[in-house]
Each structure stands twice: as C-alpha cells, then as structure tokens.
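S.K.: Whole structure, please, built from the sequences with the hints as guidance.
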Amino acid sequence: MDGWPGVVIMIALGVGFAAVMIGLSVLLGPKNPTPEKLAPYECGMPAVGDARERHSVKFYLVAMIFLLFDIEIAFLYPWAVALRDLGWPGFVQVVTFFLILAVGYVYVWRKGVLDWGPVARATRAAARREAA
Amino acid sequence: MDSIDLRLLVQLGVIGLTFFMLINASALLVLAERKFMGFMQQRYGPYLVGPHGVLQPLADILKLLFKEELRPKGADKWLFTLAPILSVTAAFAAFATVPWGAETTLFGLLDEPIKLGVADVNVGVLVVFAITSMGVYGIVLAGWSSNSKYSLMGGLRASAQMISYELSYATALAAVIMLAGSLSLREVVDAQQGTWLGFLSRWYLFVQPVGFIIYIIAGVAETNRAPFDFPEAEQELVAGYNTEYSSVRFALFPQAEYINMVTMSGVATSLYLGGWHGLLPFYTPLDPLIEANGLGWLVFLAKVGGILFTYIWVRWTVPRYRYDQLMQFGWKWLFPASVINLIVTAALMLYVLNA
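Keeping their order, the protein sequence lines are chains A and B. When we follow this note's numbering, the leftmost residue of the first sequence carries the number 1, and every step to the right adds one. When we follow this note's numbering, the leftmost residue of the second sequence carries the number 133, and every step to the right adds one.
Since the hints were made in silico from the structure, they are not lab data. For every residue, glycine included, the Cβ atom is placed at its ideal position computed from N, Cα and C. Please note that a few of the clues may not be correct.
[Said to hold, decoys possible] Computed list of lysine-lysine pairs in DSBU-like fashion (alpha-carbon distance at most 35 Å, straight line): (1) B:K205 - B:K195; (2) A:K58 - A:K31; (3) A:K58 - B:K205; (4) B:K464 - A:K58; (5) A:K37 - B:K209; (6) A:K111 - A:K37.
[What the hints assert, rightly or not] Computed beta-carbon distance windows for the label pairs: (7) B:A434 - A:G117: 38 to 48 Å; (8) B:D137 - A:V103: 54 to 64 Å; (9) A:V8 - B:L211: 19 to 29 Å; (10) B:N486 - A:L99: 18 to 28 Å; (11) A:T34 - B:Y269: 23 to 33 Å; (12) B:N425 - A:G112: 51 to 61 Å; (13) B:E235 - A:L99: 41 to 51 Å.
M.R.: Structure representation (structure tokens):
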C-alpha cells in the first residue's frame, strides 16, 4: 500500500492483538491471589525495602551522551541522501562537524564515562596517581 | 466490483497476511529455536505435541492463556499492562515499512501492479529506526512498573544497551542510504537489481562488508539476544525486566522479541542482501526465471530465514559477554568503526563519481 495508512493499520492491529490476548487471559485465567504471590520476587526471601531506590549514575550519563550523538545521526541522514548533489563541499562540512564532535567524544572517553565496572576505574585512578 | 475496490481489498489482504505471518513467524521461531537448540546440544527438543512437536507453540500459548495474571503489590496498575502492549505494538509496526516482494499483478488479477508490503513510504528506513526505538519504552516501563529490583535492573540495562547500539546501527544504515541515494526501502532494494561483471549479484553486502557486520552485531544487541541478552540474563537477574510477569502479559515480551528479530532480518535483507533480487551471491540461471514469474518474495523469505538461523546459531555458539564489556565494545569500537566506515564510503563515492 502507498503511504501511511498501512503503518496506522499495523499499529491498530498490534494494539488490538495485544489487548485481545490480555483480555482473553483475564477472562480465562483463575484468580486466587495470596500475599506471597503478590510480593515482588527476591529469590524466595521476603522482599527488603522498595525497588525504586537510587541507582548508578552511569545509566544517566549514557542517556545524555546518547542524546548528543543520536542528534548527530539525525543530521547525517539528509546529508547521506543528498551526497551526490552536495559533492566535496558538503563532505568537508560534515567532516568538520564530525571533528568538533570527536573533541567531545574524546573528552567523554578521557573522563571515563565509557568505562564500566570498578576495574577500569581503579586502573585509571592508579595511572593518575602515578602521573601526579 | 470495479477495479478500485478490488485493489483496495487486495491491499488490505496483503496487510492482513503480513500481520498474520508475523504472528506465525514468532511462534515458528520459538519452535525452530528450541529444535535447533536441541540439535546443537544433542537432544530432541520438543517432540511430544503433534508430529515432531510442531504444535508445541500452540500448546504453550494455550497454557499461558489459562494461567493466573499476577501483578505484584506496589506495581503501577496501568503501566504494568501498558508495557507489554507497547512492546508488541512497536514490534508489529516496525515491520510495516519493510517491503517483502516486487510489484506484482497477482498473475493478472489486477490491472495495475501492487507493491507487496504493508506500507511504502519514502522515509522507510527512518520509520523502522523510529519505531524500533519505541520498543525501548515497553521494556523500561515493564522494568520500572513491576516494583521489583531484578525487573528495574533489567529494564535499566536494556535501555542503556539498546540506545548505545542504536547509534552504531543507525550510522551503519546511513552508509547504505548514501549508496542508494534514497530512504525508501523499496528503492534501496531496486538499486541492487542485476549483477556486477556479469556474475556477482549487486548486493550492497559486497560494497559495505564492514557496515553489514556492524549492523548484524548491533541488531543482536538491539533485540537483546545472546550473546548480548543482559536484560534477561538468568544467572544475574532471574528473568530481567519480565521477572514479575505471568500469563499472556509475559508471553507478549518474547513475542515482541521474535518479531523484532524478523524485522531486523528483513531490513538487513533489504539493505545488504538485495531483498528479492538475486537468490545467491553470484548469478544463477534461476534469477531471471524468478523475476519473470514474480516469485521474488520466496527469495526474500529464504534470505530472512538464513539470517534468522544465524541468530539462533550465534546464540548457542557464543557465551554471554559481561555487561561492562558490552558497553565498552559498543561505545569504543563499534561506534567509531561505523562513523569511519561512513566517512570512507562518502569519500570513495565522491571520488568515483567525480573521476
């Protein structure tokens, strides 16, 4: 099919399918909840505290640098389509754009945002102490 | 009935067929995976339900339908149900712009040929990219709304992993877009018709081998498959983001995952393996025969099946990585590699065009 109606129909079919399946299981399934069944699973032990606690800042950092680089890729797509028309001048502009981004990338790398786990951080800290 | 009504009817039929086949594909893939797994581990796999166990997925879904729906105390009532719906809807919708066959008149039934595929939009690649990103929401919401520590950890891991690999995946795609000069998947496929030097199929795989490898690796990570299945790594997180799910709401997550695998393979086939053009990497006398008889969709299915088999094969061959290795590999190797691949492609293309 030409154009967007197909995408809309597909989304509607997907929602419909999921809703019907969940509705069917609500109708057909038994219902006898007990406090033990409704407790969050923690390997059979009584749950300790709430799950929504603070967690590693790493995940936020990844989300932020993802945003930056994802926008960069959004800029790349029009350039990729129009490469033939833009020619070498367009190429030079995009490479300049990339070089500016590469500065940020190197900064993020040197700051250790891309390092995960205690081992990598410990070795970096040791290297810094040695240099100082 | 005049021809416009018939045409609309056929198009709706094609959409319905695609949808039905996606549901079937997820069921068949579960069976195929378990069968291949059994074969690779020297055991039978499912063999009791139906001949050679082919009815096993049907039995599974029927069993899950009759199971109790549990929602843990403290879980968010609406988001907990919304998450699987969102996941599975994004999976279905992402396939919408993937064309699966050449234009056909259905053996002379229609006056004008119709395009086999749900929707033919001129920004098909962007739509696939946008909708697969929506799948992250389903998983993150599932993890967060469950109010369980394992779920939250799995959801967080999934989001970080999926957005990290999305970068490399999108950059690898941009190189193919550049070669074809179009964002429409159908036009990219048609740009790969014919042969080079008379014997090599014009697949973009041969001009973008690095891009293809990056795409496949990132695709495995995007669909949360082994060796990158950290969101549901059972030794670390019980079942990850779907720990607290039961019954059909649980079944919808694996289903979304398997449909996403089909979409990934479909996009890889369209962008790198020539879609419905060229059955094998080299010219065969079958190729003109297939094109003339409008059987391209069989070629497409065969290629998608081949990639799906590779997915399963990789899962039972490579052990799981560690999460820090995954993130470092994605950010420090795959992403720079895909950017360099893109720039080198652009420079070579301009050089060849202006020479």
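S.K.: Determine which of the earlier numbered hints do not hold for this structure and return their numbers in increasing order.
M.R.: Failing hints, ascending: 2, 6.
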